[in-house]
Structure formats: C-alpha cells, structure tokens
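Colleague: Read off the chains here:
2 protein chains.
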Amino acid sequence: MISFKRLLIGRPLKSNELGEQKINKTKALAILSSDALSSVAYGPEQILLVLITLGTAAYWYSVPIAAGVLVLLIALILSYRQIIFAYPHGGGAYVVSMKNLGVNSGLIAGGSLLVDYILTVAVSVSAGTDAITSAFPALHSYNILISIVFVIFITILNLRGVTESASILAYPVYLFVVALFIMIGVGMFQVLTGKVPAELHSPIGTPIQGVTLFLLLRAFASGSSALTGVEAISNAIPNFKDPAPNNAAKTLIAMGILLAILFTGIVSLAYFYGTSPKENVTVVSQIAENIFGRNFMYYFIQGTTALILILAANTGYTAFPLLAVNLAKDKFIPRMFTVRGDRLGYSNGIIILALLSIILIIAFQGKTEQLIPLYAVGVFIPFTLSQTGMIFKWLREKPAGWTYKLIINAIGALICFIVTIMFFITKFLQVWPVLVFIPPIVYFFYKIKNHYDSVGEQLRIQNLEERDDISGNVIIVPVAGITRVVKNSLNYAKSLNPDKVIAVYVAFNREEEKQFEEKWNKWQSDIRLVTLHSQYRSIIQPLTKFIDTVEHKASESNYRVTVVIPQFIVKKGWHNILHNQSSLLIKTYLLYRRNVVVATVPYRFKA
Amino acid sequence: MISFKRLLIGRPLKSNELGEQKINKTKALAILSSDALSSVAYGPEQILLVLITLGTAAYWYSVPIAAGVLVLLIALILSYRQIIFAYPHGGGAYVVSMKNLGVNSGLIAGGSLLVDYILTVAVSVSAGTDAITSAFPALHSYNILISIVFVIFITILNLRGVTESASILAYPVYLFVVALFIMIGVGMFQVLTGKVPAELHSPIGTPIQGVTLFLLLRAFASGSSALTGVEAISNAIPNFKDPAPNNAAKTLIAMGILLAILFTGIVSLAYFYGTSPKENVTVVSQIAENIFGRNFMYYFIQGTTALILILAANTGYTAFPLLAVNLAKDKFIPRMFTVRGDRLGYSNGIIILALLSIILIIAFQGKTEQLIPLYAVGVFIPFTLSQTGMIFKWLREKPAGWTYKLIINAIGALICFIVTIMFFITKFLQVWPVLVFIPPIVYFFYKIKNHYDSVGEQLRIQNLEERDDISGNVIIVPVAGITRVVKNSLNYAKSLNPDKVIAVYVAFNREEEKQFEEKWNKWQSDIRLVTLHSQYRSIIQPLTKFIDTVEHKASESNYRVTVVIPQFIVKKGWHNILHNQSSLLIKTYLLYRRNVVVATVPYRFKA
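Chains A and B are the protein sequences, given in the same order.
For the first sequence, our numbering assigns the number 2 to the initial residue and increments by one for each residue that follows.
For the second sequence, our numbering assigns the number 2 to the initial residue and increments by one for each residue that follows.
Honestly, I wouldn't trust all of these hints.
It does not matter which identical chain is meant; a pair holds if it fits inside one copy or across any two.
With a straight-line cut-off of 27 Å between C-alpha atoms, the simulated DSS-like cross-links for lysine-lysine are [unchecked claim]:
#1 K251 x K23
#2 K588 x K572
#3 K572 x K332
#4 K501 x K488
#5 K572 x K448
#6 K495 x K588
#7 K330 x K607
#8 K450 x K554
#9 K607 x K450
#10 K501 x K546
#11 K554 x K607
#12 K251 x K428
#13 K26 x K501
#14 K588 x K607
Source of the hints: derived by calculation from the structure; they are not laboratory data.
None of these values were measured; they are calculated from a predicted model.
Between the sequences and the hints, there should be enough to build the whole structure, so can you do that?
Modeller: The following block contains the structure:
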C-alpha cells in the first residue's frame with residue numbers, strides 16, 4: 002500500500018524542501034494561464050451564437066463587441082496587477098473583499114470561487130474530452146470514463162507537487178499558443194494579400210434590422226466568458242519564486258497580452274472568413290480548416306486545443322487548495338485544508354476538488370455545456386466584489402497616485418457588475434443556481450466559524466496555576482468467560498492500583514449465571530464480580546445501565562470510571578470477520594454516549 | 002433510527018418468547034413447500050424443451066419421463082422422511098453427509114446448499130418478476146428494481162420473525178394449489194368427456210426417428226429440476242412445533258403428494274392438449290388459456306404462479322440461516338451466524354442472503370434463466386451425498402428393518418447420482434461454475450475452522466491458579482498544546498498512580514520546540530516532557546518510534562505501556578469533520594501495530 006502510494010506520488014518531502022517547490026515565471030505562465038487562454042476556444046463562438054439571431058450580416062458587430070471585451074480585459078489585468086502588489090500573500094477576490102467590504106462580501110466571493118474552481122475542472126475536462134471524442138467518434142460512448150481518467154491523472158500530478166506538474170503541463174500550453182499564433186499569422190496574411198474573398202463578410206457599419214442594445218449587451222456578456230480564469234495568478238502569489246509579487250505581476254501582464262492577441266486574432270479571422278457557428282464543428286476548427294485544409298496543422302491545432310482545455314482544469318487544482326487554506330485559516334472551512342501532504346501540496350483540497358468535479362461530471366453525464374454561463378457568472382461575482390473592494394481601499398488609504406488607481410478599479414467594477422447583471426437578465430434559466438447555493442454556503446461558513454470559536458474558547462486555559470485533580474478511579478472490566486483474554490484485562494486493571502476493580506458478567510439465564518459465579522470464586526476471588534441478566538440477548542443494554550449507576554455514584558466524589566475492553570488483534574485482515582466485533586461496538590457506544598474512559602487492551606493471536 | 006427499525010421489524014422479543022415462534026404443520030407446509038411446488042411451473046416445460054428437438058410427435062415420451070421423475074420424487078420423499086427421524090435437529094444433507102461420509106463430503110454438501118439457497122432467492126424472485134412484467138409489459142424496464150424490492154420485502158418479513166411471515170405467506174401458496182387443482186380438474190374433465198380433439202397428441206408408443214437414450218436421460222435430468230426444494234423441510238425441523246420430527250415428516254409427505262399431483266397433472270394436460278413450449282408464453286399459461294380462455298381463471302392462475310415463484314424465495318430465507326447456524330456451530334463459518342436478532346431470527350444469515358441474492362440479480366440483470374441448471378445441479382449434489390450417507394448409516398447401525406431402508410436410500414442415491422452426472426454431461430456450459438466455486442468454499446471452511454481451533458487453544462486457561470501479574474505501568478500522554486483537553490488527559494494519567502507519566506510533544510521546528518518547553522515548565526513542571534522533532538509533518542511517525550523505545554525497555558521489566566489519547570465528543574454529527582480525526586488514526590495505528598494499551602479519554606464540547 003505504502004509503496005503503491007510512493008510510486009504514484011513520489012517520496013515524501015521534508016518541510017524545509019518547500020522552497021524548491023516554488024515556480025518561476027515561465028512555468029507559472031503555463032500553469033496559471035491555461036484556464037484563461039483556453040477560454041478563447043469558446044469565447045468568440047459565444048458572441049456569434051448571439052449575433053446569428055440577427056442574420057449573418059450582423060457578424061460585423063463582433064468586432065466592436067470584441068473591442069469591448071478587450072477593454073474589460075485590460076481593466077481586469079490592470080486591476081488585478083494592483084491587487085497583487087496590495088495583497089502579496091494571495092487570496093485574490095476573497096482576501097480583497099473580506100478586508101475592504103466586510104465578512105459577508107468576502108464569504109460570497111470565497112464561496113463563489115470555491116464552487117467555480119470545481120466547475121472549472123468539470124467543464125474544462127468535459128470540453129476537452131468532447132474535442133477528443135469528436136476527432137475519434139468510436140470513443141464517444143466512453144466520454145464520462147475518459148473525463149474521469151483525466152481528472153484522476155491531473156489529481157495525481159498535483160499530489161506529486163506543483164513543480165513536477167509544471168514541467169509536464171507547460172509544453173501543451175506553449176504548443177497551443179504557438180499553434181494559434183501560426184494560424185492567426187497565416188490567416189491574416191491570406192486576408193491582407195486578398196486571398197480571402199471580400200464577399201465573405203459584410204463591411205463594418207452595415208445597418209442591421211432589429212438590432213437592440215439588449216442583444217448587443219447579451220453578446221458582450223457571452224463573449225466575456227473568454228475572460229474566465231484571469232484571476233488565477235493573483236490567488237497563487239505564494240507559489241511564485243521571490244520576489245513573488247513582481248514575478249506574479251509580470252506573469253499577469255504576459256498572460257493578458259497573449260489572451261488579447263489570441264482573442265482578437267480569432268474574432269478577426271472569424272469575421273473575415275464569415276464563419277458561422279455550427280452544431281458539431283467549433284468556430285476555431287472551421288477557421289483552421291479554411292486556412293490549412295484538413296492537413297497536419299489542422300490536427301495540431303485541434304489536438305493542442307483539446308489538451309489545453311483539459312489542462313485548464315489544472316488551474317482549479319492550483320487555485321482551489323490555496324483559497325481553501327485562506328478560508329480554513331480564517332476558520333470558515335474545516336482545518337484539514339491547511340495540512341500539507343507528503344509532497345507538500347495541500348492534499349485534502351486537491352482530493353476534495355477531484356471528488357466533487359468527478360461527481361459533477363457523472364451527474365451531468367459529461368454534458369457540461371449548460372454549466373458555462375453558471376461558471377462565468379460565478380467568476381464575475383468575485384471580480385465585481387474584489388474591484389469594488391479596491392475602490393474602498395483607495396478611498397480609505399489614499400496612497401500616492403490613488404485617483405488613477407481608483408479610476409481603473411472603478412471602471413473594472415462597473416463593467417464586471419454590468420456583465421454579472423446581464424448574465425442574470427439574459428441567461429437566468431442557467432445561472433439561477435448561484436442564488437440558491439451561495440446563501441447556504443455562506444451560512445455554513447458562519448456555522449463552522451462559530452463552532453471553532455466556541456471550541457477555542459472552551460479549550461483555552463486562562464490560569465496556568467488552576468488545578469482540578471481527580472480524586473480516584475473505578476475500573477470496570479466486562480468479562481465474557483474464563484479465558485486468557487479476560488485474565489489479561491484483569492491483570493492490567495489491577496496493575497493500575499485503582500480504588501476499585503469491578504468485573505461484570507452478562508448472563509442470559511439463571512443457570513449460566515450461577516455456574517459462572519462458582520467458577521469465578523475459584524479463580525479471581527479477590528475481584529468483585531457483578532452478574533447482570535439480559536432478556537434480549539443484548540450485552541450493551543444491561544452493561545451501559547450498570548455503568549450509568551457506577552458513573553453516577555463516582556462523579557459525586559470526583560472519581561473517574563474506566564472501562565477496560567479487550568481487542569483481539571488478528572494476524573490476517575480477514576480474520577476480523579471471524580470475531581464478533583462487539584468490543585468495537587461497545588467501545589464506540591460507551592465513548593460517545595457515556596462519560597467514561599475506555600482503555601483498550603490488545604490481545605494478539607499467534608495465528 | 003431505533004423507532005424506524007422497530008416500525009420495520011417490530012418490538013424486540015425476549016429470549017424466552019422463542020417457543021411462540023415455532024410453526025404448525027399447515028403453516029410449515031406453506032412456508033417450506035413454496036420452492037418445491039413452484040418448480041412445477043417450469044419443470045414440465047424443461048422436459049418438452051428437450052423433446053421438441055425430435056419433433057412434436059415425440060411429446061408422448063414426456064409421460065414415461067414424468068413417471069421416472071415421480072419415482073425419483075417418491076425415493077426422495079421416503080429418503081428424507083428417514084433423515085428427519087434419524088436427525089431430528091435438522092441440518093439435512095450437511096449433517097447427514099458430515100456424520101456418515103466425513104468432513105469433506107459434509108462441507109461439499111453444506112457449501113453447495115449455501116450457494117444454492119442464494120440461487121433459490123435470485124432465480125425465484127427474477128422468474129416471478131418476469132411473470133408479472135409479462136402481464137404488464139409497461140413495467141418491463143423496471144425488472145431489476147422490482148426484483149430487488151421483492152427481496153427487500155421478503156427480508157423484512159423474515160427479520161420480523163417466521164410466524165408472522167407464515168401468516169402472510171401461507172395464503173398465496175394455498176391459492177396456487179387450489180388454482181392448479183381447479184385447472185387440472187376442469188382440464189381432465191374436458192379430456193375425459195372427449196372435448197379435446199384426439200389429433201392434438203400422438204398416441205403413447207408412436208415410434209420416433211432419432212430417439213436416443215442420451216436424449217431421454219437429458220429430458221429426465223431437465224424434468225428433475227421440478228424437484229428442487231424438497232430438502233427444505235428436513236433442514237428446518239427445529240422450526241416445527243413439538244413433536245417436531247413427526248410434524249415435519251407429515252408435512253413432507255403432504256408436500257410430496259401435492260407435488261406429485263401437480264406435476265403429473267400438468268404433464269398430462271400438456272400431453273393431451275399437445276402443448277409446445279414457446280419463447281414468450283409458458284406452458285402453464287398456454288394450458289390455462291386452452292382450458293379457460295383469457296378470463297378471470299386464467300389471470301388467477303398466472304397471478305398465483307407469479308406469487309408463488311416470488312414466495313419460493315422465502316424457502317431460502319428459512320433454510321439458509323439454519324444451515325448457517327449448523328456450519329457456524331461447527332466453526333466452519335463466522336460465529337456471527339449463530340446470533341439471534343431482536344425478533345429471534347438469525348438476522349445475520351437473513352441479511353447476508355438478501356445482499357448476495359441482490360448482487361446476483363444485479364450481476365445477471367435479472368435474466369437468471371441460465372442459472373436454473375446450475376441451481377438444479379447444486380441441489381442434486383447434496384441429494385446424492387445425503388442419501389449415500391444414509392446407506393453408510395444403515396450398513397453401520399443395522400437397525401430393525403434396515404434392508405428396506407437401505408434399498409430406498411440406495412435407489413435414491415443412484416438416481417440422484419445419475420441426474421447429477423447427466424447435468425454435467427448434457428449442460429456442462431451452464432454448470433461448470435460448481436466445479437470452480439465449491440473447492441475454494443470448502444478450502445475457506447477449513448481455514449476458518451483452523452483459525453477458531455487455534456484461537457480456542459490460545460485462550461484456554463489450563464491452570465486456574467497460574468498468575469502472571471504486571472510489575473508496573475508507564476503512561477505516555479501525547480500533548481498537542483496547552484489546552485483543557487491536554488489538562489484533562491494529564492489529570493487522568495496522574496490519577497492512575499502509575500510508576501511514570503511521560504508527556505510527548507511533536508514539534509515541527511526548533512523554535513516552536515523551545516517555546517513549548519518553556520511554557521510547559523511553568524505549567525506542568527512535575528511531569529516529564531519529551532519533545533520530538535518531525536521533518537515530515539507527520540505526528541504518528543516520531544510518536545511510534547518513541548513509543549517503541551519505551552515499550553522495549555518497559556517489557557524487559559514486565560511493565561506495561563499505556564498511551565492516553567483524548568477524543569473530542571462533538572454535539573452534532575457534522576462537527577466531526579471540523580476536527581482532525583488524527584486521534585482516531587493514532588489510536589487505531591497504535592493498537593494494531595504496537596503492543597500498548599490505548600486509553601481513550603472523552604472530551605465533550607458544549608457546542
């Protein structure tokens with residue numbers, strides 16, 4: 002078992018090896034950007050899907066809408082850059098909202114993001130699997146299985162630790178970027194040299210019947226799903242090599258530039274080639290086929306797209322455990338999320354994330370397309386909160402040049418707020434679960450916090466001098482017969498020098514009772530024997546009744562009651578089913594229901 | 002929880018209420034015969050399914066074959082009648098084989114029967130469900146679900162206790178018998194009054210091309226599947242009212258007569274009406290339709306047939322737990338099968354049977370037809386063994402009139418042996434699992450027996466005077482900080498007056514270590530503190546290493562080591578996930594891997 006675990010996740014690392022696990026900018030860009038960059042695979046298509054209701058002539062609107070998304074992107078990048086320097090210990094939207102807007106806002110942001118990272122994993126892996134099984138239709142019936150295998154694969158990589166993951170995960174991200182750069186380069190060259198017929202697209206400014214501001218805003222909201230994932234870097238600053246904030250900020254800018262180029266490029270190519278969204282072929286796939294035909298480059302682009310979608314899930318694996326640590330340190334979620342595993346990753350967070358996303362994949366049968374708007378709105382709520390938080394921060398602190406900073410965050414907050422509202426108005430049927438799930442999550446955050454606070458208060462020792470010693474001990478030994486196990490337990494009980502040892506025997510009929518008492522007197526006459534009578538073949542019932550009586554009397558004179566329970570330790574695991582596990586039952590029952598100490602005395606079988 | 006259980010299975014019964022649960026002959030006939038009687042629903046059809054390969058003219062052979070089956074039935078009934086009186090405590094084939102042929106034969110019989118009772122439940126319930134869903138095709142896609150619901154229903158009835166089950170289960174069995182009696186009566190009346198055209202059947206003795214002894218024996222073997230279940234009564238003698246053997250013998254004869262009449266009647270009607278087996282309509286259904294048309298009587302016969310098939314499963318519920326008790330008393334299977342539940346039934350056997358048959362139903366998707374030959378051969382192996390055993394018994398004991406008894410059992414043994422061999426020769430593809438599963442089952446019987454024998458030897462106290470007292474105690478208290486929980490554990494340790502109390506603290510770095518030691522000296526300077534250093538964030542590893550050292554030294558001078566572990570007892574179940582269950586882990590680890598006593602001190606939270 003241990004060696005299998007070691008094979009899977011590698012040798013345990015010492016706590017002081019932590020430094021080595023920090024990542025440099027190049028790897029960080031790959032690890033933390035796959036989510037954002039992969040969004041260009043579906044973002045532009047979302048815009049066209051709205052415009053198509055006006056007819057293909059309306060496609061030119063995608064250009065001004067893309068410009069709007071770019072403005073939003075720039076606002077987000079600049080705003081998060083400010084957050085990185087202001088909060089160098091990470092935590093992103095959760096920390097910023099908590100510090101500047103109060104606990105409620107912080108918990109809403111934290112809760113939204115936790116759920117969102119699970120959606121990131123489920124949506125990205127399912128979409129990536131779809132891309133693969135579209136290329137190889139024979140695999141289509143194994144969609145869910147393949148998705149789950151991918152989730153398990155990414156989970157193992159993350160349990161091994163983030164550096165080694167990065168080495169493996171960096172290549173596909175860069176290959177994807179290179180592949181799309183080539184496609185955009187060759188495509189724009191064809192457009193500029195006039196190889197693409199001008200009739201394919203309507204000129205910008207063509208008047209369109211029935212166009213409304215509502216529809217354009219809806220297209221804009223849809224297109225902004227291409228920006229999911231830009232917050233990942235600001236949450237993961239502690240993973241960067243020193244100086245972490247500077248490195249994180251540079252990585253953020255680099256990611257922003259890449260995302261802007263890819264998004265603009267794809268929207269432009271889609272416009273010039275007059276690409277319409279189709280049910281079974283993605284827009285990127287159509288563009289690639291138009292430019293290259295079905296040759297190596299086409300499959301290379303499709304392959305890297307599929308890979309980066311699957312790897313986008315990895316962003317969730319980096320962000321979720323770190324956010325969980327922040328929430329756990331503030332006592333809003335269980336403490337176990339702060340524990341580092343053998344390889345120094347936050348294994349509990351990683352495993353919980355894997356389980357929940359696998360459940361989501363199974364529940365939605367791998368068809369998670371309808372989750373995309375939910376996913377996007379779950380991102381824009383914390384976006385809005387964190388930027389609003391920054392506005393309050395600048396207004397309060399007023400550092401040098403604060404008006405400039407304030408304006409950037411205010412623009413960002415406003416756009417994000419509008420996008421969020423647009424999602425609720427235009428896609429309510431898909432995003433309502435946010436309204437249903439966030440309040441109970443926040444409620445549980447508070448419940449957990451209250452519990453920890455109350456427990457901490459109970460455990461605190463105010464006065465180191467304070468004494469409350471125990472006056473004496475009564476030891477009860479339930480005996481099942483005259484055997485070596487019983488002798489073993491009795492010897493132990495006597496050796497503790499307690500004030501009293503009581504042996505208890507449960508008899509099922511009078512004759513048995515008498516026989517046992519006679520035998521006992523020949524064997525252990527120095528220990529008082531109490532025999533109890535059971536009419537219902539239950540041992541626990543008369544035993545607990547007796548223990549209650551003793552405990553009641555003992556507590557009056559500050560005595561403690563200890564029950565000695567033997568535990569058979571068998572040589573082979575399967576032997577356990579051969580022994581009535583009644584001792585385990587009695588033990589658990591007494592511990593949880595009665596105020597007694599349970600001393601478990603092991604008795605080892607030789608075979 | 003307790004009240005839900007009570008609602009389901011009723012109030013607990015006292016041990017001395019056992020007598021009331023014994024059953025009278027009328028009820029016993031219903032409970033223990035449903036398996037055997039329901040077999041007539043498929044037995045005659047099995048014969049025709051073999052003869053059809055020779056053409057419909059060959060159907061007349063079903064009459065002499067049925068006569069052969071009747072001879073076998075008479076031999077079995079007479080033989081089992083002798084077994085009932087010879088072994089009035091029940092156990093049937095298992096006990097008879099064990100006593101007369103040795104342990105191996107006994108275990109083969111016992112193992113076959115255990116598996117067979119599981120098959121009884123799975124096959125009968127599935128077949129009954131098929132009958133229902135054939136009548137109501139809309140339910141067909143819920144076949145497995147319906148089967149499982151039936152299994153659960155029968156399980157609950159049996160957990161409630163056998164008397165109450167009998168009241169409910171007796172009616173359908175008698176209704177089935179009445180329904181078939183009416184059908185046979187009306188049908189034979191029509192035949193005798195010449196209302197059935199003579200051309201429908203070929204006269205007995207018509208020469209048939211290609212008929213072989215092999216084929217006829219195969220038809221005979223198939224037809225003998227109608228006899229599955231006749232052993233049930235001899236296994237269940239302890240359930241009868243006194244005088245149990247006489248009552249059981251009378252019930253057996255009654256069942257034999259009913260079975261003979263029903264079997265002969267159906268075979269005869271099938272012959273006279275020239276009924277051919279069809280894929281979707283059973284032979285019984287065809288006969289009923291021929292005689293009555295599709296009116297009330299037809300549905301009454303179909304309905305009671307479906308019901309009795311489902312109730313046949315109940316035979317398994319009566320026989321399996323009783324056989325399990327016999328095997329468990331002989332220490333071949335886990336002791337837990339001898340424990341009576343709240344309602345005095347052997348609940349563990351009932352529940353295990355339910356689980357295994359549900360697994361079979363799911364694994365075979367409710368299509369258990371191919372299990373019928375396996376089921377039949379699993380019955381005929383113990384039949385053969387028990388009757389061979391009786392031959393040895395008569396030869397050994399030679400009681401009055403033993404030659405008559407010997408001849409009966411010898412004939413029975415021979416026919417059963419031939420039937421068993423015929424199954425292996427003619428249906429090997431369906432019955433091979435018997436050869437694969439029985440040997441490992443017998444092997445495990447021996448393994449379990451060996452374990453219990455060796456354990457019993459180890460636990461036995463030869464000399465009541467023998468003493469091996471413990472010289473002293475060392476108590477180790479792992480401490481996690483300066484809190485009330487730790488104080489609670491330390492107070493307890495000190496109160497036991499041991500020779501030494503050692504507090505152990507695991508530090509993750511040197512600074513923390515120093516700080517803690519300083520605080521400790523101000524707080525509990527009278528208790529020795531040992532601080533351990535952990536490089537891998539693990540508490541268990543350094544702790545067990547330390548405990549090993551202490552334990553090694555202690556055992557040299559016959560000292561025992563006790564480790565005091567606190568256990569948080571939370572107010573609400575879900576609070577458990579808020580506390581690292583590391584104490585539970587440490588406890589289990591120490592108990593199973595190290596030779597120390599673990600004293601668990603509960604610490605109750607107020608909220």
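Colleague: Hint by hint, note whether the structure agrees.
Modeller: We went through each hint and held it up to the structure:
For the homomeric pair K251 and K23, the shortest alpha-carbon distance inside one copy (16 Å) is at most 27 Å, but the shortest distance between copies (84 Å) is not. For the homomeric pair K588 and K572, the shortest alpha-carbon distances inside one copy (21 Å) and between copies (18 Å) are both at most 27 Å. In this homomeric assembly, K572 and K332 come within 27 Å of each other (Cα to Cα) only across copies, at 18 Å, whereas the closest approach inside a single copy is 42 Å. Taking CA atoms no more than 27 Å apart as the test, K501 paired with K488 passes in both settings, with 17 Å inside one copy and 24 Å between copies.
In the homo-oligomer, the alpha carbons of K572 and K448 lie at most 27 Å apart only across protomers (13 Å), although the nearest pairing inside one protomer, at 44 Å, exceeds that limit. Taking the shortest Cα distances, K495 and K588 sit within 27 Å of each other both inside one copy (20 Å) and across copies (23 Å). Taking identical chains as interchangeable, the C-alpha atoms of K330 and K607 lie at most 27 Å apart only when they sit on different chains, with a minimum of 23 Å there against 47 Å within one chain. Proximity of K450 and K554 under a CA criterion of 27 Å is satisfied in neither setting, with 37 Å inside one chain copy and 45 Å between copies.
In this assembly of identical chains, K607 and K450 lie within 27 Å of each other by CA distance solely across copies; the values are 15 Å between and 49 Å within a copy. For the homomeric pair K501 and K546, the shortest alpha-carbon distance inside one copy (19 Å) is at most 27 Å, but the shortest distance between copies (34 Å) is not. When the C-alpha separation of K554 and K607 is checked against a cutoff of 27 Å, the pair qualifies only between copies, where the shortest distance is 23 Å, while the shortest distance within a copy is 40 Å. For a Cα distance limit of 27 Å, the shortest separation of K251 from K428 qualifies neither inside one copy, at 35 Å, nor across copies, at 76 Å.
With identical chains, the CA atoms of K26 and K501 are never at most 27 Å apart, being 69 Å at best within one copy and 56 Å at best between copies. In this assembly of identical chains, the alpha carbons of K588 and K607 lie at most 27 Å apart whether taken from the same copy (24 Å) or from different copies (22 Å).
Violated hints, listed in ascending order, are 8, 12 and 13; each of the other numbered hints is respected by the structure.
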